[in-house]
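From just these sequences and the hints, can you work out the full model?
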Amino acid sequence: FLDRITEESDKEEKLGPLHDAAGKGKMDTCQHLVENLGFDVNIPANDGSGKTPLACSVSGANVDVNSSEGTPLHVAAAHGKFGVMQILLEHHADPDRVSPDHCTPLAEVLCAANEKVNESGCLKCMNLLVKVAGADLNSTDPDTPLVIATSKGLTGCVDYLLEVGADANIRSKDGGRRPIEIAAKSGRRGLVESLLPFTSPIRTVSDWSVEGIIAYARSRPTEDKGQESDEDSNIQQNLRDESAVREDAGASRACTKDKLSDEDRKAQLKLHGAKAVSRMDYTGASKFYTEAIMLDPADATLYSNRSFCHLKIGEKKDALVDANACISLRPEWPKGYYRKGAAHMSLKEYKEARDAFMDGLKLDPSNLDIQNAYWEADEAMIKKHSAGQTSLD
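Each residue of the sequence shown is one higher than the one before, starting from 1 at the first, in UniProt numbering.
In case anyone wonders, no lab produced these hints; they're calculated from the structure. For clarity, every value in this text was computed on a predicted model and none was experimentally measured. Be aware that one or more of the hints could be misleading.
[Stated by the list, open to error] Distance ranges between label pairs, derived from CB positions:
(1) Glu69 - Val205: 37 to 43 Å
(2) Gly212 - Asn138: 23 to 29 Å
(3) Glu163 - Gly83: 21 to 27 Å
(4) Leu368 - Gly165: 31 to 37 Å
(5) Lys317 - His92: 52 to 58 Å
(6) His92 - Glu163: 24 to 30 Å
(7) Gly187 - Gly134: 33 to 39 Å
(8) Met280 - Gly165: 34 to 40 Å
(9) Gly134 - Asp262: 37 to 43 Å
Even glycine gets a Cβ: it sits at the ideal position worked out from N, Cα and C.
Structure below.
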């Protein structure tokens with residue numbers, strides 16, 4: 001017993017009391033040493049190894065332990081803490097782990113750019129994740145790094161990602177736009193010039209040049225038909241909670257509010273709405289979509305998304321109102337009729353639901369979801385009619 005005490009004492013003397021406490025996971029001791037006794041959290045160990053208390057704390061620990069904010073690597077990345085990230089990666093932290101907010105560490109770094117970390121620091125952290133740890137350049141959680149960087153106007157980050165092989169042809173989750181279209185839509189000519197050599201020509205763009213792409217992007221409506229990937233639904237309230245509602249520019253959440261354009265703020269709110277949906281916080285998501293609608297009342301996708309949320313929390317009539325608003329704004333979009341049919345189904349208005357689904361099928365006859373919904377509504381209508389006849393008999 002005395003030998004063990006002597007051994008522990010020798011170890012503490014070699015490392016230092018704060019290092020020893022951190023290595024043993026004694027949080028109360030660490031807190032006392034730092035807050036009450038003024039120990040330096042960055043002091044190197046006494047044994048000449050140069051280890052900080054943080055390095056000792058991760059030795060032998062599970063560096064991928066999850067919290068509501070993700071793993072320690074997610075948290076470090078979200079604050080641009082290069083040194084902490086380096087230590088975690090040296091201890092084999094997973095560079096591609098997806099957080100509860102649907103972000104990879106690489107996405108976290110980009111989302112933090114220009115607020116918690118400058119672009120130079122962001123690039124340094126990105127290089128660590130990509131070159132040293134081999135992070136996935138084309139992960140789509142919440143969107144590809146290139147989509148996020150383009151949406152935020154991070155010229156240096158875009159150039160770096162293109163240099164190391166990021167795919168410039170992967171579309172954003174919500175809106176289905178390529179990075180070059182995002183850049184052109186927001187008037188970032190320099191980014192369009194950078195992305196042009198790496199982007200495959202778009203069939204509908206007749207003039208495949210910087211000027212031609214910018215003109216094309218500005219002529220498009222807010223969302224293109226058929227490209228949206230907002231939350232889908234199945235009719236019996238088993239609505240699929242899809243994270244694809246995230247806006248390509250929504251990853252600009254880290255920009256300060258006063259610096260955001262209305263378009264960027266709307267995109268930010270859509271991302272927050274999507275994250276709330278992924279947590280099944282439909283009331284919160286509905287509030288985000290409402291704020292976004294105040295910024296752009298002509299965006300049909302926002303009404304579609306909010307209709308989805310209303311339906312999930314039992315606000316059936318509000319769901320129908322939003323579905324009708326969606327149709328009014330974009331009568332050529334099948335999803336609006338799908339939303340309308342789902343709302344009528346929840347209200348047990350089966351004939352109206354069937355009619356709405358039929359209108360959707362006229363626009364998109366091959367849509368299996370709408371086909372299934374139509375037949376479900378038709379069957380429910382027949383059963384309701386039969387039940388009425390039986391009660392009369």
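Verification of the hints:
Distance hint for glutamate 69 and valine 205: a CB-CB separation of about 41 Å, consistent with the stated range 37 to 43 Å. A hinted range of 23 to 29 Å holds for the C-beta pair glycine 212 and asparagine 138, which are about 26 Å apart. About 25 Å separates the C-beta atoms of glutamate 163 and glycine 83, a value consistent with the hinted range of 21 to 27 Å. The hinted window of 31 to 37 Å between leucine 368 and glycine 165 holds, with their beta carbons roughly 36 Å apart.
Lysine 317 and histidine 92 have their C-beta atoms about 53 Å apart, which keeps the hinted 52 to 58 Å range intact. A beta carbon spacing of about 26 Å between histidine 92 and glutamate 163 agrees with the range 24 to 30 Å that was offered as a hint. Checking the proposed 33 to 39 Å range against glycine 187 and glycine 134 shows it holds: the Cβ atoms sit about 35 Å from each other. A beta carbon spacing of about 36 Å between methionine 280 and glycine 165 agrees with the range 34 to 40 Å that was offered as a hint.
At about 38 Å, the CB distance of glycine 134 to aspartate 262 agrees with the hint of 37 to 43 Å.
Figure legend: structure checked against the earlier numbered hints; every hint is met.
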